[in-house]
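Chains A and B supply the protein sequences, listed in that same order. Quick note: the first sequence uses the numbering used here, first residue 360, plus one each step. Quick note: the second sequence uses the numbering used here, first residue 360, plus one each step.
Because the hints were derived from the structure by calculation, they are not lab data. Note that the structure is predicted; figures quoted are calculated from it, not measured. Careful, some of the hints might be misleading.
[What the hints assert, rightly or not] Taking CB as the label site, the calculated pair distances span: (1) B:Leu520 <-> A:Asn452: 33 to 43 Å; (2) A:Met366 <-> B:Gln393: 33 to 43 Å; (3) A:Thr523 <-> B:Pro524: 56 to 66 Å; (4) B:Thr671 <-> A:Asn452: 46 to 56 Å; (5) A:Pro371 <-> B:Leu520: 52 to 62 Å.
[As the list claims (entries may be wrong)] Calculated pairs, DSBU-like style, for lysine-lysine (alpha carbon to alpha carbon, straight line, at most 35 Å): (6) A:Lys645 <-> A:Lys670; (7) A:Lys391 <-> B:Lys362; (8) B:Lys645 <-> A:Lys494; (9) A:Lys562 <-> A:Lys552; (10) B:Lys621 <-> A:Lys494; (11) A:Lys494 <-> B:Lys552; (12) B:Lys362 <-> B:Lys391.
Positions of the beta carbon are idealized from the N, C-alpha and C atoms, including for glycine.
There are 2 protein chains.
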Amino acid sequence: MAKVHAMWQNYPEIETELAQSLALIEDNIHTKNQAVTDAILKMISAGGKLLRPAYCLLFSQFNAVDRQKMIALAAAVETLHTATLIHDDIVDNSNLRRHQESIQARFGKDVAVYAGDYLFVVCFKLLANYASDLKSIQFNSQTMDQILDGELSQMTTRYNLDLTPEQYLQQINGKTGQLFALSCFIGAYESQKGLKFARQSEKIGLNIGLAFQILDDILDYTQTDVDFGKPVLDDMRRGVYSIPLIMALQSNRQTLAPYLEKQAAMTDADVHAVQGIVRQSGSVEKAQALAQDYTNRALAGLAKLPDMPAKTTLQQLTERLLTRKA
Amino acid sequence: MAKVHAMWQNYPEIETELAQSLALIEDNIHTKNQAVTDAILKMISAGGKLLRPAYCLLFSQFNAVDRQKMIALAAAVETLHTATLIHDDIVDNSNLRRHQESIQARFGKDVAVYAGDYLFVVCFKLLANYASDLKSIQFNSQTMDQILDGELSQMTTRYNLDLTPEQYLQQINGKTGQLFALSCFIGAYESQKGLKFARQSEKIGLNIGLAFQILDDILDYTQTDVDFGKPVLDDMRRGVYSIPLIMALQSNRQTLAPYLEKQAAMTDADVHAVQGIVRQSGSVEKAQALAQDYTNRALAGLAKLPDMPAKTTLQQLTERLLTRKA
């Protein structure tokens with residue numbers, strides 16, 4: 360069975376259910392192409408943080424509900440996330456994912472296309488077999504729509520030195536915010552605690568997702584490859600600019616432009632020069648403040664939830680997200 | 360509005376509903392990436408035969424049912440089909456599709472990945488919004504599973520001179536048979552005429568799909584590029600062997616092997632030499648007999664359906680499929 364990320368050791372109940380979700384995903388993966396099956400299983404068991412299924416499970420704990428159903432829906436959420444990662448790696452030509460070679464790098468783009476498609480189907484099957492009604496499927500399809508729109512929008516603004524923080528926020532809303540929102544929504548909605556509670560949970564999830572992605576982008580400027588498990592800043596060479604750089608461009612455009620205008624031809628020295636300028640510009644701190652703002656909104660939302668053990672866990676977990684180092 | 364293929368001129372009712380299905384698909388396509396939106400719209404309106412949505416609509420006419428719902432579900436079926444074509448063209452490196460440049464050739468594999476994903480989502484949204492219950496979604500996800508498994512299985516048997524007719528049939532069952540089966544099933548099932556009738560329709564659809572794919576593969580050996588709208592026999596260079604060649608290999612292996620063993624390096628002369636050998640081997644006629652066999656099974660199934668106008672149309676349409684020249 361796939362190992363659950365060590366961060367869940369202090370939450371044995373969630374750790375157990377996450378392990379069951381991973382096992383269920385693995386049970387659902389059997390294609391006639393052994394290379395693809397192995398590639399997917401390897402990626403599933405590569406030790407992602409499982410934040411999305413964990414939030415799904417936690418938001419389902421405010422009401423007594425069939426845990427098997429919730430474990431399956433958490434599995435569906437993680438499967439959708441993994442499918443989007445596999446296809447993103449094709450588009451971005453990324454060679455490293457979850458501290459190991461990406462599927463597109465190891466097996467080629469053709470295998471990666473079908474591997475991602477296959478996981479979309481597994482997600483689809485899990486939802487169709489475990490969701491209590493068509494509403495969950497409708498919400499899920501809307502989220503998939505917004506995830507793709509975020510990715511597609513990002514493609515159109517590559518190498519754009521004038522990208523605004525607002526455009527960035529709209530992109531990460533689709534790319535990350537909506538899937539966190541859905542995870543929390545599905546957990547709450549399927550636990551039958553009512554649509555109002557589900558909407559409340561969805562809003563909290565959105566703020567968590569935005570804070571998480573901003574922090575993830577900050578780490579590109581404060582971490583090294585080894586810590587981080589994917590090539591630091593290779594987004595920069597691909598023209599995908601995140602919030603620390605976008606903010607630095609507003610104050611240090613003259614010094615940054617000559618490096619960035621080399622686009623894909625940027626050398627490691629160029630990239631690290633930009634990294635240094637961004638660090639010195641104070642944009643990392645500004646971005647941290649922005650992440651803190653979304654975290655505060657999430658915590659304020661959590662504070663309003665009924666006093667139950669899940670609430671405490673959600674508060675601890677969400678606070679930890681802002682202090683993570685990788 | 361997208362133009363409906365001329366083959367439907369003699370079926371005004373279906374022609375009108377197909378046009379509405381295409382319009383509904385177009386209404387659902389709006390991404391923040393204009394290139395992707397245009398690419399998808401161009402492919403949707405490129406004049407595919409629309410056989411799958413047409414069968415879906417025809418099998419829904421045995422019972423009075425909300426036509427708007429059926430038009431939407433027919434749209435979902437065509438959207439799923441188009442999504443798989445876009446991703447297949449990435450994997451196969453195909454440059455031509457529906458008589459025009461494929462999305463991957465024109466916009467690159469990265470755009471094509473998201474374009475296909477986006478259409479999966481549109482399909483998913485249409486189903487979630489118009490299906491009457493989770494059952495349709497479950498059947499749909501099982502079909503998507505089998506479609507992918509067919510594609511994946513095909514990848515593993517490339518350049519395999521020992522591919523058997525049975526393996527071929529199992530691959531086209533997934534690749535084509537299941538989507539025709541689903542189209543007929545959804546039409547019947549959602550028209551509320553009962554699960555028994557839906558299963559009957561599904562079986563007929565499977566036989567139609569198998570006959571259709573075999574004939575499609577025969578055309579590779581009897582048509583020219585211009586007639587056929589995609590590079591004739593470029594499957595051969597990619598090592599994807601279809602039934603006329605598989606049958607010819609059983610009787611003419613010595614003469615065929617030296618050409619095929621060149622794999623991707625086959626010249627046009629090699630390909631046409633193989634084409635000639637296959638034609639002379641009598642395998643085309645054998646393959647036609649096989650297609651006829653599946654068509655007969657389909658027609659026998661149709662004959663058992665209630666005597667209604669839709670039955671006559673289905674019989675005419677299915678007979679025409681075997682005499683088509685492109």
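Okay, the hints, checked on the actual structure:
no.	hint	in the structure
1	B:Leu520 <-> A:Asn452: 33 to 43 Å	holds (34 Å)
2	A:Met366 <-> B:Gln393: 33 to 43 Å	holds (41 Å)
3	A:Thr523 <-> B:Pro524: 56 to 66 Å	holds (60 Å)
4	B:Thr671 <-> A:Asn452: 46 to 56 Å	holds (54 Å)
5	A:Pro371 <-> B:Leu520: 52 to 62 Å	holds (55 Å)
6	A:Lys645 <-> A:Lys670	holds (29 Å)
7	A:Lys391 <-> B:Lys362	violated (38 Å)
8	B:Lys645 <-> A:Lys494	violated (50 Å)
9	A:Lys562 <-> A:Lys552	holds (16 Å)
10	B:Lys621 <-> A:Lys494	violated (53 Å)
11	A:Lys494 <-> B:Lys552	holds (25 Å)
12	B:Lys362 <-> B:Lys391	holds (25 Å)
Going down the numbered hints, you'll see the structure goes against 7, 8, 10, while the others check out.
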